[in-house]
Structure formats: structure tokens, C-alpha cells
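Colleague: Residues per chain, in single letters:
There are 2 protein chains.
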Amino acid sequence: VDTDWLVDGKPGFLDPSDRGLAYGDGLFETMAAESGAIRWLDYHLERLRSGCRRLKIPEPDETILRREIAERCPPAGRAVVKLIVTRGKGARGYRPPAEVSPTRLIGAAAWPVRPEANYSTGIELIRCEIRLGRNPALAGLKHLNRLEQVLARAELPDEHAHEGLLLDSDGQVVGCTSSNIFAVTGRELVTPEIRYCGVEGVMRRIVIETAGQLGLEASGRAMRPEALLAADALFVTNAVFGIWPVRSFGDRMYATSPIIRALQSALGYGADA
Amino acid sequence: VDTDWLVDGKPGFLDPSDRGLAYGDGLFETMAAESGAIRWLDYHLERLRSGCRRLKIPEPDETILRREIAERCPPAGRAVVKLIVTRGKGARGYRPPAEVSPTRLIGAAAWPVRPEANYSTGIELIRCEIRLGRNPALAGLKHLNRLEQVLARAELPDEHAHEGLLLDSDGQVVGCTSSNIFAVTGRELVTPEIRYCGVEGVMRRIVIETAGQLGLEASGRAMRPEALLAADALFVTNAVFGIWPVRSFGDRMYATSPIIRALQSALGYGADA
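Note that the protein sequences, when read in sequence, are chains A and S. Just so you know, we're using this note's numbering here: the first sequence kicks off at 576 and counts up by one. Just so you know, we're using this note's numbering here: the second sequence kicks off at 576 and counts up by one.
Which copy is meant is left open, because identical chains are indistinguishable; a pair holds if it fits in one copy or across any two.
Below, computed lysine-lysine pairings styled on DSS-like, alpha-carbon distance capped at 25 Å:
hint, residue 1, residue 2
1, Lys631, Lys664
2, Lys664, Lys717
3, Lys664, Lys585
Quick caveat, the hints were computed from the structure, so don't treat them as lab data.
Given the sequences, and given the hints that come with them, work out the whole structure.
Modeller: Take a look at the structure:
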């Protein structure tokens, strides 16, 4: 494994008593490092802070986080930098300790190689069988409880030109195994609301903000899979790969959309980026 | 933290790239050690094996597990021994690696001191606000995704004479934050079915088996909170504390039940055990 972790500021390992392992009691951010800096770092740190507040984990000092993240960014080229913040160690049992001393872990991994065609012609969308449980208390958070995503990803064949579509236990669209999804109809973008489950992706937020700047409507709403079939075009987003169009979902094929091109171009993603 | 972990057979720490931390991609068992041996060890190992099969994690060699667990049992007195098995390290991303080398972690902690009255007069049952998401793919498993239980436990005051009652997103009773629950009516025991969520507790299974030996009916069924109020008596079970009667649930008080006493006595639990 090509990682080399900083644990609370020093190269090292994790105490197995940490609540991050015991209960998945923590949060993470997966970030794109490019030429020595993290893209969208402020957005990642803002989501982390918001997650800490919701889970009542004390927020790690941001100056320290920024310094340690910078230490783990390779000076040139691309890499994926991962930040994990857990509720730290504590007495045995689910109850959070009265005095929490969070653990922070920062590691870097090689940039994943993706087919260029993912950006131009797009990817295949495949519906996963597993459904996500609904829990408003956890919806939106990038927390460490990800077994549902692991099982969903295991349903898919092993190559990169697809994403797995996830529905919740009520049949609503949530997003994809590692990304959020948007439907384009006319000049309107719709993405599933993050109310009962799913992650509030950093790139989801950036796309919604950028849509406004491009004169497009964008909103989060309850969505059924039929809404995906009825749309002009679909695309998926995450903070590492950016924006990929969807070329097919079952029998439905989607044409290239100038709106997706405009978003890719505004944010610096594309086959030539 | 009074633990001293064996990681893959050697005293040590965890690689932060382990999928147990990254995704909660693993299982655990919390076991009662007494006078140098684990109570109900065969049941714990059987549940672990069944969980590994469902999550497609290769089952660790049982001879090795038994030896390492024995190493961590104090020769005298009581302790809690925890076993964690994860899907090990793997490439970045949710997809399980093609070749899995599971990580096994074994640690011991001090025996928790509980009021004697928990066994005799019983505990208070308090309904938690948080609801559990429903996911049949994870129901029954003692997996490492336990944020819901952490948030539920955090709702309760900090003392030991209570358990938090958990309902699922549909309003069905699932169990308690750290235990399963049984309702006693006449000579019949009913416990919530473990179909959409919840853990198949080792002590839940033992109580169902023992009920048969004592000439009692016992079954798992869909249950609403009203069924708890209508029952003659309630009790909660886990493999560490055993069996505690419930003395109150909201305004409802429950009398001491000879059936609960018979189960405690058959299994060696009680104020004098």
C-alpha cells in the first residue's frame, strides 16, 4: 500500500482502541492534490467542520490541519490525499467519552489512472441491487460507516468506465457509489436531495454554485430512477475526478450535452485537462 | 486505555490504510472472559464465521484465533475480550481487493462494574430519538459501522442502570443500544425479528435455545413499542452482562418475573452470580 500516514502529526500507526476502528466514529475527506496544493481545500475543510459539529467531535485546529495536509502533498504531479478525523480513544462502549481528544490521520496515495473517454464520451451507469438505509442523522456526512458502499461497489465489474447507481430503501435515487449524480433537462440541473442518506459531495456543491454563474438553474430534489431516464443528459461528480458525463443507463443512451461541457470547462475538467 | 492489542498475532498497532478504519469494513465480537476462558466462545466464533461469509471476508483460521484469544484472557478474574476482523488493506476505493488478507485484532479491557440491582430489580428502558436505517444486507451482522449506536448512546444519561430502546425508520422495535430485548407474556418470549436491522446477539440466541429447554415458547417477530407496554415483563440480553430485567419503560412499571429468574438461573446470571 503506497501510503505513508501522519497520525496526530507524526508518521505512525493507529491505536486499535481508537473509536474510528471500533465504530467508524469519525469523518474523512478524499482530496485531489495537484502541483503541491489541494484543489477545493476550503470546501473540504468546511465540510469536515460541519461534520464535526453534527457528530459533536471537537474540530481539529485548522492551522495544524492545513500544515499537515501540505506536508503530505507531493510538490509536483498529482496524488490523492486523504484526511481522517476520529473521536479518538475512549472507554469501552458506544458512549462517547466526556473528554474527547480527536485523532487526525493524513495519508497520500497514487493518482488513479482513469480512461480519458470517461470525460468525453462518458461512463456507463449501472443500478446496484443493494439499497441504502435511511437515517437523517447521518445524511450528508462523509462518515466512516461505508459498508453499504463497499457492498455496492462489489456488485460492479472491475474497471473504471462505470458508476453504480444507489437507491435508498424507499426507492429514491441517492447518488452513486463514489459520486453524486445530476440530471440535465433544458437548462435545469437536478440532483437528489441529501435528506435521508447520501453524502453532500464537495463537487456537488461546486457544481450547484457554478451552475448559477453559468445562468443555469440547479436544485436538490426527491428523485425516482424514472427521472434519470426522462432527462436530456446525466453526469456524475466527485472532488477527485471532477465531472463525467453518463453515456448509458440500461438501454437508455445519452447524447453529449453542451451544458456538461460548459461545466467541465468552467471547472477545468475534461479529456485535455 | 487499558488495552494491549494483538494485531495479526503480535502486540501492535493498525495500519491506517486498513479497510476497518477507512470503511468500517469488518466485524467484531465482545466477549466475557472468566477464570481464563471465554464464555460462549463457540457461539461467538460461529457468528463471526457467518458474518465473514456474508461479507465475503475470508474466515481467519480458527485454531489461530482460539490460541490468540486464550493469550489475551487473564488467567483469573473477569475481563472483556474484544476480537475484530477486518477486510485488511487494499487499494484506495470502496471496491474490495481481489486478494483479501484479513486483519485480526484481539484486545482485553477491564470488566465493567455494574450495579447488582441491574440483575435483581432491573433497569430503566429509555426510548432513543434516533431511528436505525433499514438494510437487510447488513441486518444481524456485528459489523464495524456503529455510528447509529454511538449517537443513540449519547442521548442517554451517563450511568449504567438503563438501556436505550431503538426503533427503525419504520417504527419497528429493533433492540437496545448494546443489547437485544425480549417481551414475556404468559409462558411466551418474543424478541424483535432481525430482518431489516439490528444485531443477532449471542445471548439472544442462547436465550431462545434455553427457553426451549425450560418449556417456554420463544420466537422472533415484527414488534411495535406497544407490544412492550402490553407484555407482562421485559428483559435485555448481551453476552457480557447476560440478562437484566426491565423495571420501567416510561410510565409503565414491570413486576419481577419468575420466568426471567429461571432464565438467569439456568445461565448463571443474577445478583449472586
